[in-house]
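> Spelled out from the first residue to the last, the chains are:
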Amino acid sequence: MPYTHLDLQSHDWPFPNRYFDPAKASALYRTYVESMIHAESCGFDWVGCNEHHFSPYGMMANPNLIGGALAYPTKRVKIAMIGNLVPLNNPLRIAEEYAMLDCMSGGRLVAGLMRGIPHEYLAYNIPPGESWERQREAVQLIIKAWTEPEPFGWEGKHFQYRQVSIWPKPMQKPHPPLVISASNADSAKFAAEMRATMGMVLLADLPSGRECIRVYKETAKANGWEPTAENILVGMHTCIAETDEEARRQLAQGLKYFDEVLMGGLQASQRIVLQKTRYFETDESRDRWKSRLDKRKTLTLEEAIERGTVLCGSPETVVSQIRRIHSELGHGVFNFTVKVGTLPDEVIRRGMELFRDRVLPHVRDL
Amino acid sequence: MQPQARKVSLSSGELSYFAAGEGRPLVYLHPAGGVRWTKVLDELARSFKLHVPIMPGFDGTPAHAQVKSMKGLAALTGEFIEKVVGGTCDVIGCSFGGYLATWLAAERPPLVDHLVLECPAGFRPKGKGERPADPEALKKVLFLHPEKLPPETKTAEQEAGNRRMLPHYGFAADTDEELLARLPSIDKLTLILHGTGDRMIPKESVQLLKSRLPRAYLVYVWDAAHAIEVDQPERMLAVLTSFLERSEGFMVNWGTLAVNPG
Numbered sequence: 001m002p003y004t005h006l007d008l009q010s011h012d013w014p015f016p017n018r019y020f021d022p023a024k025a026s027a028l029y030r031t032y033v034e035s036m037i038h039a040e041s042c043g044f045d046w047v048g049c050n051e052h053h054f055s056p057y058g059m060m061a062n063p064n065l066i067g068g069a070l071a072y073p074t075k076r077v078k079i080a081m082i083g084n085l086v087p088l089n090n091p092l093r094i095a096e097e098y099a100m101l102d103c104m105s106g107g108r109l110v111a112g113l114m115r116g117i118p119h120e121y122l123a124y125n126i127p128p129g130e131s132w133e134r135q136r137e138a139v140q141l142i143i144k145a146w147t148e149p150e151p152f153g154w155e156g157k158h159f160q161y162r163q164v165s166i167w168p169k170p171m172q173k174p175h176p177p178l179v180i181s182a183s184n185a186d187s188a189k190f191a192a193e194m195r196a197t198m199g200m201v202l203l204a205d206l207p208s209g210r211e212c213i214r215v216y217k218e219t220a221k222a223n224g225w226e227p228t229a230e231n232i233l234v235g236m237h238t239c240i241a242e243t244d245e246e247a248r249r250q251l252a253q254g255l256k257y258f259d260e261v262l263m264g265g266l267q268a269s270q271r272i273v274l275q276k277t278r279y280f281e282t283d284e285s286r287d288r289w290k291s292r293l294d295k296r297k298t299l300t301l302e303e304a305i306e307r308g309t310v311l312c313g314s315p316e317t318v319v320s321q322i323r324r325i326h327s328e329l330g331h332g333v334f335n336f337t338v339k340v341g342t343l344p345d346e347v348i349r350r351g352m353e354l355f356r357d358r359v360l361p362h363v364r365d366l
Numbered sequence: 001m002q003p004q005a006r007k008v009s010l011s012s013g014e015l016s017y018f019a020a021g022e023g024r025p026l027v028y029l030h031p032a033g034g035v036r037w038t039k040v041l042d043e044l045a046r047s048f049k050l051h052v053p054i055m056p057g058f059d060g061t062p063a064h065a066q067v068k069s070m071k072g073l074a075a076l077t078g079e080f081i082e083k084v085v086g087g088t089c090d091v092i093g094c095s096f097g098g099y100l101a102t103w104l105a106a107e108r109p110p111l112v113d114h115l116v117l118e119c120p121a122g123f124r125p126k127g128k129g130e131r132p133a134d135p136e137a138l139k140k141v142l143f144l145h146p147e148k149l150p151p152e153t154k155t156a157e158q159e160a161g162n163r164r165m166l167p168h169y170g171f172a173a174d175t176d177e178e179l180l181a182r183l184p185s186i187d188k189l190t191l192i193l194h195g196t197g198d199r200m201i202p203k204e205s206v207q208l209l210k211s212r213l214p215r216a217y218l219v220y221v222w223d224a225a226h227a228i229e230v231d232q233p234e235r236m237l238a239v240l241t242s243f244l245e246r247s248e249g250f251m252v253n254w255g256t257l258a259v260n261p262g
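Chains as they are written, first to last, in this note's numbering: chain G, 1 to 366; chain U, 1 to 262.
Note that these hints are calculated values from the structure, not bench results. Fair warning: there could be bad hints in the mix.
[Claimed, not checked] Here are the simulated DSS-like cross-link-like pairs (lysine-lysine), alpha carbons at most 30 Å apart as the crow flies:
no., chain 1, residue 1, chain 2, residue 2
1, G, LYS221, U, LYS126
2, G, LYS157, U, LYS139
3, G, LYS221, U, LYS203
4, U, LYS126, G, LYS173
5, U, LYS128, G, LYS173
6, G, LYS157, U, LYS210
7, U, LYS128, G, LYS217
8, U, LYS128, G, LYS221
9, G, LYS189, U, LYS139
10, U, LYS49, G, LYS157
11, U, LYS139, U, LYS154
12, U, LYS140, G, LYS221
Computed from a predicted structure; not experimentally measured.
Bound-form chain U, shown alone (with noise of 0.2 Å):
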């Protein structure tokens, strides 16, 4: 399903997005990568109306000057909420996305209904986890199965800009102490996805969420590495749309085990 570029502008400046698909609203928040059009993407859109805001300074989009922490990224992602989807929505956040995914649940409660962090960055104890800066290594760290990746279509500098926006919000590499102290106060029925091959955040991270969290599910994918959208999206996407479509019951096998039904 093709995305549709779109502008929308906010009290900070404007800010870009892609829009795809009809349905009940959807938000994604991209990793430290950007966007990435993935095959979770795509599928998404089939069943949901599918609202994917680029953070100010990445993919080659300009910053916004007033907003230099996780805390305004997240007040921002609230006004777009409020301003281009209307309300209350789905939010799913991917690793940078799902930090600012929990920093929106923890600011702006009502507008978040089902939240899923997908391998969410924030939480690492300190020395634990990889992120190399040579780029082939960042890869292998990345992903256990590249040849599944979409033909890449970021230029060399919009990658390089985008590495250089995590010290711009502050982005925490350990532990981000004052969010951990709000997680209990988050009772958004929570769904955590972690790669069992992922190094970058290690198991521990979802490990702290989990038990601090007050409704949330950790479900580990199996072969997937920090990138579980291009690793194993059917898998993903098996206990992401039961999670969205039937909360605490996609723990109920609604499917059948019969192998002649008659």
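Here chain G stands alone, though its shape is the one from the complex (with noise of 0.2 Å):
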């Protein structure tokens, strides 16, 4: 949910909220709910949103209060948040907050348990070099607050609490089905460890894809457990329009922005994180996600769309495109990113309505 007002760059960070207009921010998040409202009615299984702070990047600095207004205006779609970021916050409230959500949407939660990018630690003070310690034992006192029949104390070496006993536990038994990002080799492991949904946003090609799919499927062995197709999750960014020209021309404009104004500031912040801290707690993990970034950085968007990391055209060339790409990585969950930068809100709906008549009946059965 980018704030899409801006007609300057900046590379600096934070960036600087005088630019902030909130009436035209009241408008955005309108529209922006309004559009996961409709997409029900365009036959997709989840909507979904996420948590960024301090950044036109994402105007969902709680993406959990966005869940609050889908709750109700929806009926059977999966409210996907994907999600909260994890080492950031207190854990409890995250274990109350989705229980308060699986509770109102009548068990229809979907629960992301994210690390976080690096310039996240930043706007929190959290050290960067404990995000991995904080992912690993935040994600398991959530499942004990969901799961234990009795209250509970929890001694950890980052979290303590001498009694737990959160009100409302969530509808799901044994909890809400869990979405973990599993963009690298080890946040892959911890996804099968933790027996949730594995998340790939952004993949620069389809073979890191498939190695990190490779990872999972063989931690989650090693784990007692098999995933199916359903505990794999793609996103990329979409556009669908009437023809192969104009998806490509709007997709073309919204990238434009998302790359030149939104991610400028996220970038120089991520630098000083990566350079400066532990944040991959590797010196290879690093340096594949720097690669991976540097990589669609320079990326036309032809040559994403040839490699299958993005999906833009007709009707007819994102089927096929779905087709290519599920049947190089075999998962069972598209994550259509749909606002990318100022891609029109009008074209976004149109697209999703292009969807939901001229692809989904050919892709529904992969």
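Take each chain as given, in its own frame, and dock them per the hints.
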């Protein structure tokens, strides 16, 4: 959910909020929520949003508020919070708010438990070098808070609670399905250990996605379970229009704003975090992440489409793109990021309708 | 702190024990592996007068002919407390020792003040929990951080002898139904500790205990297997000492979150 009314680039972090216009933001929030409600009538199985801080990149400091706004106007669609940034927040607050959303929505929550991208650690003053430890501990604590039949205490390294007994508990048993980001081997392993759906977004190429899936499946097996296709989520920027040309034109415009405005300050802050801290536990993981971002940045839209890391085109083109990517990754959940930069909202809504009428019938049974 | 090895003559025979420290009396009942002098015991001995009896037959000591059950062992422990400690004391029991401590609290309530059950045995749902016979496999179940183990002082013969004592005392591998029925009558303020990585005693065991004991608190120690004292001594001590010193007040955060107090 980006802020789309900036006409300047900034490579500073944080992005100065003197450029923020609350009246414009108010209209944006309404549009975004209405688009997500519309998604249900377009046959989507999930609608989702994520958490970001201190940047026009995303206006969702707490996505659970949007989840609450979606709970009553929708009836069927899963409400996917993908998700709360676990190491940055009070894990019990996440457990409670997710439990609220699950009860409010009648058991439709998909609970994303994310580590967050590097710059978020600057925003909330959390040591990036402790991100993995906090993530591992907090996820286990959240699951305990949802599933324990009796009040309990938690004596951990980063979190201590002498007695916990959350009200409400989630409606789904034993707990809502989990999604954990898994765009590198370390996170893929952790997702499998927690029996969570693995989530991969902004892939550099399909082979790197395949490798993460391999690690995920291998780790799951070692932990005594077998993931299905539904446990693999792949997310991509998506634009569907009447013609290939129209889709490419629109997405290129949206991506320009995404790369030049929204990503500007983030890249500066990420460089600081990655150079100076142990956000990644190994140099190998850090280098792989940097190379993934660099690759993404240098690709043209045509090259990204060719590589299978973006969905863009007419409904018929997108059907063949989805089939191709599915045949390579074998995933069961496709996360379409439809609000890309300044991509107009009427184009997005029309794209969702084209998806319902001319894409979904051909890919539903994959 | 160096523990002193002592002996006391009880009605069924002689009992060996360790004593260390000064202060409020605290009795520690050891697990099935016998006494291991961990960092936790060392630290407790700085604030408490710690007594660690070696149950007959463990760690190379002779068995007592008349003591053949957990209930009998609880009676013997009661006699030890009366004779050596001289009255009511706090009691910590680890695993097998936790099972024994629960019997003690049921049989001799006036002798127990605070009760601490560290990954207690005796309440495993049938078919749950692991206790591999192979020593290497057992080590993996006992410790998440074996690198923290103090140097081993027991001989292989002693270890084998310790294992033989469990059937001798009619140790319930699953749930001791008789004791389970008595849990609601135990009114001692109780702290139950369980490692989040404990595969030997499943979480269902401690959940059951928590639900039946009227005044119990259950605390999970993160990143610890069955041997919490070895895997996470600092975390265990933080919650344990606070509980022993403050009773229900251990739930209060007595510290500060101020980053730069002026």
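> Does each hint hold? Answer for all of them.
Evaluated hints:
Of the supplied pair hints, the one linking LYS221/G and LYS126/U holds, its CA atoms being roughly 26 Å apart against a limit of 30 Å. A distance of roughly 23 Å separates the Cα atoms of LYS157/G and LYS139/U; the hinted pair therefore holds under the 30 Å criterion. In summary, the hint linking LYS221/G to LYS203/U is supported, as the alpha carbons are separated by about 23 Å, within the 30 Å threshold. For the suggested pair LYS126/U and LYS173/G, the alpha carbons sit about 23 Å apart, so the restraint of at most 30 Å is met.
At roughly 21 Å between alpha-carbon atoms, LYS128/U and LYS173/G fall within 30 Å of each other, so this suggested pair holds. For a cut-off of 30 Å, the pair hint linking LYS157/G to LYS210/U stands: about 24 Å separates their Cα positions. At most 30 Å may separate the alpha-carbon atoms for a hinted pair to count; LYS128/U and LYS217/G meet this at roughly 26 Å. Distance hint between LYS128/U and LYS221/G is fulfilled; the C-alpha atoms sit about 21 Å from each other, no more than 30 Å.
Restraint check for LYS189/G and LYS139/U: the C-alpha separation of about 24 Å stays at or below 30 Å, so the hint holds. Using a Cα cut-off of 30 Å, the hinted pair LYS49/U and LYS157/G holds, with the two alpha carbons roughly 29 Å apart. A threshold of 30 Å between alpha carbons decides the hint, and for LYS139/U with LYS154/U the separation of about 15 Å falls inside it, so the pair holds. Taking the CA atoms of LYS140/U and LYS221/G, the gap is near 19 Å; set against the 30 Å cutoff, the hint holds.
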